[in-house]
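2 protein chains.
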Amino acid sequence: MKTTDVSRAALGRIPVYLRFLESLPQDTETVSATVIAKELGFGEVQVRKDLGAICGSGKPRIGYTVSDLKKCLGGLIDSRNGKAVIVGAGKLGRALLDYGGFSDYGLDILAAFDTEVPPNGESEKPILPLDGLADFCKKNNVSIGVIAVPAEAAQEVCDKLCQSGIKAVMSFAPCRLTAPEGVAVQYENMALSLAHLKAQIKQ
Amino acid sequence: MKTTDVSRAALGRIPVYLRFLESLPQDTETVSATVIAKELGFGEVQVRKDLGAICGSGKPRIGYTVSDLKKCLGGLIDSRNGKAVIVGAGKLGRALLDYGGFSDYGLDILAAFDTEVPPNGESEKPILPLDGLADFCKKNNVSIGVIAVPAEAAQEVCDKLCQSGIKAVMSFAPCRLTAPEGVAVQYENMALSLAHLKAQIKQ
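For the protein sequence lines, the chains are D and W, in the order given.
So the mapping is simple: this note's numbering equals the position in the first sequence, first residue as 1, plus 71.
So the mapping is simple: this note's numbering equals the position in the second sequence, first residue as 1, plus 71.
Hints are not guaranteed to be accurate.
One copy or two, either will do: identical chains are not told apart, so a pair holds if it fits within one copy or between any two.
Lysine-lysine pairs mimicking DSBU-like chemistry, simulated, CA-CA at most 35 Å apart [unchecked claim]:
no.	residue 1	residue 2
1	Lys231	Lys210
2	Lys109	Lys238
3	Lys210	Lys141
4	Lys231	Lys196
5	Lys209	Lys142
Because the hints were derived from the structure by calculation, they are not lab data.
Given the structure is predicted, the values throughout are model-derived calculations rather than measurements.
Input sequences plus hints: build the corresponding full structure.
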């Protein structure tokens, strides 16, 4: 099972399933899709479909072995390739640096980089000078770069990240980027998301 | 033509088309899909499909009347229902407040609200006390609320927004929300986006 085969919606539910499984009493050996659906307020069909696609079917009348299910779901969001850095330590970059939800998906944001390093604020994670980006990424085996700089600086940052051995780039800058083959690029466009929401407002 | 009928990808290209049309010399009367595609580096098939779906076909050998095309594309991202407020003036809320890309989509972020109003920083837009949320939204005909508070406060904020006459909610908090019927809710999950990107890294 590869993560790429799992729908984005199902991937979003994995941390929810895992948190539920972790919350079960230690001596719980098995759990059924019916119980999971009821406890989480999900549809039973959906739970069966999610777990079936990721971990195969449970045993009739018994359901899934809890430890197997944890291993299977957890394996899907393991921490391989999960090390990331942010370039751009403005408000957005620092918001991302302190955002707590990444570890649920096996992601580990190690540091942010910027040309001007702001005075160390409340953040527990370091903000480092951009000069050291390549060394840091190579030493720490970083595979994801998040671009949180203005559009005019984004391509230069993208080039720097690719030269640092990054395998995937997520950009919040509102412009297209060119990256070498083999580097995945994803664009986050918050304005577009909001525009889509606006379109759903009933007149 | 309703915005809801346009794909997210096409919606994302509308500001690009509009910016190109605005950049044409004032006396340009018509423009063809071929020229637009070439200038913007898009595929011609894509441009024809986008414009055809939104504004109908151009005239053979002539293309589109520039003023008609501007009116048609611009109408789709008009500013109806585009007024928004942010609740939560932490790093993320303030990053959103200052983000310049929203106006491209007919969105207007008017202000951020928080229980504790931080000292007015560099932001040009006001950060206001949460007490005044309902009055502000009603007076200014605000229809979109963006939730940028921690998960534990998100439902309360969502309730407050709905009581203030908001028609659509976008939440960055990592939890499910309950909203009255008729209020559209959309979740932004940056960790999930990054997890998806991670899944694309070739092993």
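Hint-by-hint comparison with the structure:
no., hint, verdict
1, Lys231 with Lys210, "within (15 Å within a copy, 48 Å between copies)"
2, Lys109 with Lys238, "between (40 Å within a copy, 30 Å between copies)"
3, Lys210 with Lys141, "within (31 Å within a copy, 51 Å between copies)"
4, Lys231 with Lys196, "both (21 Å within a copy, 34 Å between copies)"
5, Lys209 with Lys142, "within (30 Å within a copy, 50 Å between copies)"
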